[in-house]
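*Asks:* Sequence:
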Amino acid sequence: MRRVERYAVVPLPKESVQEGAISKPEAVEAALREAWKNLNSRTRDIVLALPASSVITKKLMLPGAATEAEIETQINAEANQVASFPLGDVSLDYQILGPNAKNPTENDALLVLARRERVEERVAVAEAAGLHTAIMDVDAFATLTAYEQMSFQLPDQGAGQVVAIIDIGASSTHVNVLLDNQMVYQREHALGGNTLTNEISRRFDLPLEEAEDAKRKGLLPDSYEAEVLQPFLDSIAQEIGRALQLFFSATSYQRVDHILLAGGCASIPGLDDVVHGKVQTSTMIANPFSKMAVSSNVKARQLAAEAPGLFVACGLALRRFDPT
Numbered sequence: 001m002r003r004v005e006r007y008a009v010v011p012l013p014k015e016s017v018q019e020g021a022i023s024k025p026e027a028v029e030a031a032l033r034e035a036w037k038n039l040n041s042r043t044r045d046i047v048l049a050l051p052a053s054s055v056i057t058k059k060l061m062l063p064g065a066a067t068e069a070e071i072e073t074q075i076n077a078e079a080n081q082v083a084s085f086p087l088g089d090v091s092l093d094y095q096i097l098g099p100n101a102k103n104p105t106e107n108d109a110l111l112v113l114a115r116r117e118r119v120e121e122r123v124a125v126a127e128a129a130g131l132h133t134a135i136m137d138v139d140a141f142a143t144l145t146a147y148e149q150m151s152f153q154l155p156d157q158g159a160g161q162v163v164a165i166i167d168i169g170a171s172s173t174h175v176n177v178l179l180d181n182q183m184v185y186q187r188e189h190a191l192g193g194n195t196l197t198n199e200i201s202r203r204f205d206l207p208l209e210e211a212e213d214a215k216r217k218g219l220l221p222d223s224y225e226a227e228v229l230q231p232f233l234d235s236i237a238q239e240i241g242r243a244l245q246l247f248f249s250a251t252s253y254q255r256v257d258h259i260l261l262a263g264g265c266a267s268i269p270g271l272d273d274v275v276h277g278k279v280q281t282s283t284m285i286a287n288p289f290s291k292m293a294v295s296s297n298v299k300a301r302q303l304a305a306e307a308p309g310l311f312v313a314c315g316l317a318l319r320r321f322d323p324t
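The sequence shown lines up with residues 1 to 324 when you count with my numbering.
Don't take every hint at face value.
[Stated by the list, open to error] Simulated pairs of lysine-lysine, DSSO-like, Cα-Cα distance not exceeding 30 Å:
1) Lys37 / Lys217
2) Lys14 / Lys299
3) Lys278 / Lys217
4) Lys299 / Lys217
5) Lys14 / Lys24
6) Lys59 / Lys102
7) Lys215 / Lys299
8) Lys58 / Lys37
9) Lys58 / Lys14
10) Lys278 / Lys215
11) Lys215 / Lys24
12) Lys14 / Lys291
13) Lys37 / Lys299
14) Lys37 / Lys215
15) Lys291 / Lys217
[Said to hold, decoys possible] Okay, the calculated beta carbon distance ranges per label pair:
16) Ser296 / Asn80: 47 to 57 Å
17) Pro11 / Pro104: 49 to 59 Å
18) Arg301 / Gln254: 37 to 47 Å
The set of hints was computed from the structure by calculation and includes no laboratory data.
All C-beta atoms in this analysis are idealised placements derived from N, C-alpha and C, irrespective of residue type, glycine included.
Based on the sequences and whatever the hints tell you, model everything.
*Replies:* Structural data, given as structure tokens:
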């Protein structure tokens with residue numbers, strides 16, 4: 001059985017990361033240092049992720065009998081076709097997925113490309129914090145990995161069902177739709193928890209940092225829930241409904257069977273009920289740790305409360321690498 005040994009959450013100053021790019025490297029470095037210190041861990045190997053909006057992915061087929069040199073030649077040729085910038089500015093990788101279902105002599109493969117600067121800026125910040133990036137992943141792939149830890153909660157473990165994972169972060173919401181554990185749709189929307197913090201700041205005349213702190217600790221006036229929180233939850237549910245309509249119009253799909261709410265905002269009590277009431281679809285809060293053991297270093301109740309915001313982090317932590 002997998003076990004959660006340690007975890008740490010450190011908030012980032014506002015606008016430290018914008019549109020997938022690190023805009024305040026010193027602030028991110030300081031947060032990484034603090035998180036590593038709070039973990040009280042000796043390992044310095046870490047797994048990072050790029051946002052899906054910063055990468056290009058393409059599925060392709062490779063000859064099953066191809067040599068390594070032949071595969072490299074075809075991969076570079078494919079990369080040249082899909083990259084919108086010079087190949088010298090690209091970091092790329094590929095994964096052979098296995099024999100093609102219709103043509104077993106060919107292998108399905110997944111090609112992933114990103115601007116080298118996007119990779120290097122993350123690696124550089126980690127190195128400045130004294131950490132070594134062992135793997136650079138993509139947040140959408142980590143989402144799939146984390147989902148596999150809780151698909152057992154769905155009928156038939158989600159087989160044949162359309163599942164929408166709605167990850168509501170601070171400044172954006174990521175919609176990932178799966179069918180049989182395969183990603184069929186991805187989109188980012190400009191809505192997040194900062195909207196709530198900004199409204200708290202405006203309504204109660206608080207600096208943004210104090211508003212965020214009061215929100216986290218539940219130290220707001222009695223009028224907060226009715227005047228601020230409930231309208232925010234309603235707006236989130238409405239935007240999720242619009243996001244699903246956009247999914248339907250952009251694809252051949254006409255239904256979503258289940259919604260999993262992830263991200264920091266998913267920890268707000270009652271959000272799942274509001275979303276269910278709006279879209280009339282089975283809705284649950286994502287907790288990828290529900291079947292895992294928890295070490296004595298971790299407060300189980302606190303982990304459960306913060307689990308939705310740790311969804312992608314869980315997927316990254318499940319990656320295997322040789323610490324030597």
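*Asks:* Looking only at beta-carbon atoms, does the pair Ser296, Asn80 fall within the given range of 47 to 57 Å?
*Replies:* Roughly 53 Å apart at Cβ, these two residues keep to the hinted range, so it holds.
*Asks:* Would the hint linking Lys37 and Lys215 be met if the CA-CA limit is 30 Å?
*Replies:* 25 Å, holds
*Asks:* Within a Cα-Cα threshold of 30 Å, do Lys299 and Lys217 meet the stated pairing?
*Replies:* 17 Å, holds
*Asks:* Between Lys215 and Lys299, is the straight-line Cα distance small enough, at 30 Å or below?
*Replies:* Satisfied, since the Cα-Cα distance of roughly 21 Å is no more than 30 Å.
*Asks:* With a cut-off of 30 Å on the C-alpha distance, tell me whether Lys14 and Lys24 pass.
*Replies:* 9 Å, holds
*Asks:* With a cut-off of 30 Å on the C-alpha distance, tell me whether Lys58 and Lys37 pass.
*Replies:* 38 Å, violated
*Asks:* Could one say that the CB atoms of Pro11 and Pro104 fall in the range 49 to 59 Å?
*Replies:* Given a distance of about 50 Å, which is inside 49 to 59 Å, the answer is holds.
*Asks:* Mind checking the alpha carbons of Lys58 and Lys14 for me, to see if they're no more than 30 Å apart?
*Replies:* 33 Å, violated
*Asks:* Holds or violated: Lys37 and Lys217, Cα atoms, limit 30 Å.
*Replies:* Holds, at about 23 Å.
*Asks:* Given the hinted pair Lys291 and Lys217, is their Cα-Cα distance within 30 Å?
*Replies:* The hint holds at about 28 Å.
*Asks:* Are Lys59 and Lys102 close enough, with their CA atoms no more than 30 Å apart?
*Replies:* Given pair Lys59, Lys102 holds - Cα atoms ~15 Å apart, limit 30 Å.
*Asks:* Do the alpha carbons of Lys14 and Lys291 lie within 30 Å of each other, as the hint requires?
*Replies:* 34 Å, violated
Against the hints set out earlier in the document, violations occur for numbers 8, 9 and 12.
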